[in-house]
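**Q** One letter stands for each residue in the lines below.
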Amino acid sequence: MSDAIKAATLEYATRLGDDAVVLGHRISEWVSYGPFLEEDIAYANVSLDYVGRARMFYTYAAELADDGRTEDDFAYMRSDRDYRNLLLLEMPRGDFAYSQVRQLLADVYYSLVLPELAKSKDERLAAVAAKAVKETKYHVRRSRDWVHRLGDGTEESHKRTQKAVDQLWGYTHEMFDMDETEQLLADNGIGVDVSKLRDQWHKEVSAILTEATITVPEDSWAVRGGRTGYHTENLGHMLTQMQIVHRSHPGCQW
Amino acid sequence: MTPEEQNFMRKINAEEKIEPKDWMPDAYRKNVTRQMSQHAHSEVIGMQPEGNWITRAPSLRRKVVLLSKVQDEAGHGLYLYSACETLGISRAEMIEALQKGTAKYASIFNYPTLTWGDVGAIGWLVDGAAIVNQVSLQRTSYGPYARGMIRICKEESFHQRQGYEALLVLAQGSPEQKQMAQDSLNRFYWPALMMFGPHDSESAHSAKSMEWKIKRETNDDLRQKFIDQTVPQIEFLGLEHPDPAIKWNEERGHYDHGDIDWEEFYSVINGNGHCNRQRIEHHVAAHEEGAWVRDAITAYNDKKNANKIKNVA
Ligand SMILES: [Fe+2]
Ligand SMILES: [Fe+2]
Ligand SMILES: [Fe+2]
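Respectively, the protein sequence lines represent chains E and P. Everything in the first sequence is counted per the numbering used here, starting at 1 for the first residue and increasing by one. Everything in the second sequence is counted per the numbering used here, starting at 1 for the first residue and increasing by one.
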């Protein structure tokens, strides 16, 4: 592995780890707050998948970094300015419709990204992706079913779902942006060229929203910055909570 | 005794299980329902004190372990609610009783979880005490309850282990971590002993429950078992035992122990714990906030069914 590729792969694995831990954390905020017990279980389940995925990506990143850091150093010892997750994933929990819509937008995205990543020439990335592909099928089914039910349920649930879609749509555009790092990896058959997935994502999400009687928003606004560490105000608060115990006891084991 | 009563008592005495469709005395049905629903509510309310630390778990591994543990507890709640429904009460009715305060849950969950150490202490001591009780309940006379306990106990031992391990790491860690472990032990040890309920002489339901084999061992016997097994565990952690009177009694083959503060026990049960109101309000708030979601499902299903009927017609 050349130095440039190695550095890019480290950055890439970190980004994917950040995505997974941030969304996993947000979902975990629902446990014991769900609309009924079965949902508490389902939320815990999906959260476990995402946090588990984060651990695998960070573990690989730590190996590439080879500077003594562990998965926990990646998760707990970096501030929001260092985090490289997509903005969509750090948005607060919101109401049930907001969370399920965010989940749909993210789940469909990963259902397209992961099968591509599973073909990566980098065996480690491919292996993590291959494992995650299976979970993602279940995730998409779940968030799709929920958006159908909420969109086409009562007047109130419809209103909440449409509002969530309108509020979140502007954060989806950056999911398909490429930068130098990702381009280098895509050119070398290691990373995924996400710009090529945009049309398919739009098609699948639109079909689900339309069936749910939800209007697909126009692309009138777009917020960007997650991959450069330019975050919303939400991430700082999230990490403050997530990292407080770990950082209060420097160098300790748990 | 009517022939039905005779047959019921014959089964109880022969260690045969009572099944949902079998005849049973009303008081038996009531007693089992009360105990099972209380158990189910405990699983569910118990998600809160531990859930309080999911977002602050100090490592990714601990976060995953805690998430799966709390997920298990939700599963236990679900499973026990279904077992309860075999006796003719619905989950909605049980939840209403919980929220109105007519149904109880384990009072241990009225204590606050203040530090990460408390997550370890709960797994080790609270799940540990629950296991002692539940192992005994694997032989309870009501079939669905007994089978539920067998299934649930398998997961509970993982809960206790992860809690003890978390505390062991703290006990062997920095001075602050060790202090955290000791503090959690001190706060949760006595309430864990109280989980077995009052002395048998004071317990309202004990005698009849024993006769009907709903309960298989007395509160005090189960508590003694727990006290005995906990002493070497505390020693291994290198922590100080919270009960200065703990002392091996060669003659009894058990540890003697100090008096339990039953005034505190009744005080917390009667609403004076740090979290009694909070736990119920949390449950009510989540339930009420979920109302529009549950309505949406009903409306959606109604529409789909109406469409189906239209298509068939
Ligand atoms: Fe339990
Ligand atoms: Fe349990
Ligand atoms: Fe448990």
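The hints are simulated quantities; they were obtained by calculation from the structure and are not laboratory data. Every residue, glycine too, gets a C-beta built ideally from N, C-alpha and C. A few of these clues could be false.
[What the hints assert, rightly or not] Residues from chain E shown here face chain P by an in silico Cβ test under 10 Å; the list is partial:
1) Glu-71
2) Ala-75
3) Val-245
[Unchecked claim] Ranges between beta-carbon positions, derived for each pair:
4) P:Pro-175 - E:Ala-207: 53 to 61 Å
5) P:Asp-259 - E:Asp-67: 49 to 57 Å
6) P:Pro-232 - E:Phe-176: 26 to 34 Å
**Q** Run every hint past the structure and note whether it holds.
**A** Cross-check of the supplied hints:
This hint holds: Glu-71 (chain E) has a C-beta 6 Å from the nearest C-beta of chain P, less than the 10 Å allowed. Annotation: interface hint on Ala-75 (chain E) holds; nearest CB of chain P at approximately 6 Å, less than 10 Å. Interface restraint check: Val-245 (chain E) against chain P, minimum CB-CB distance 4 Å, threshold 10 Å, status holds. For Pro-175 (chain P) and Ala-207 (chain E), the Cβ-Cβ distance of about 59 Å falls inside the hinted range of 53 to 61 Å, so the restraint holds.
For Asp-259 (chain P) and Asp-67 (chain E), the hinted distance range of 49 to 57 Å is satisfied, since their beta carbons lie about 56 Å from each other. A beta carbon spacing of about 59 Å between Pro-232 (chain P) and Phe-176 (chain E) contradicts the range 26 to 34 Å that was offered as a hint.
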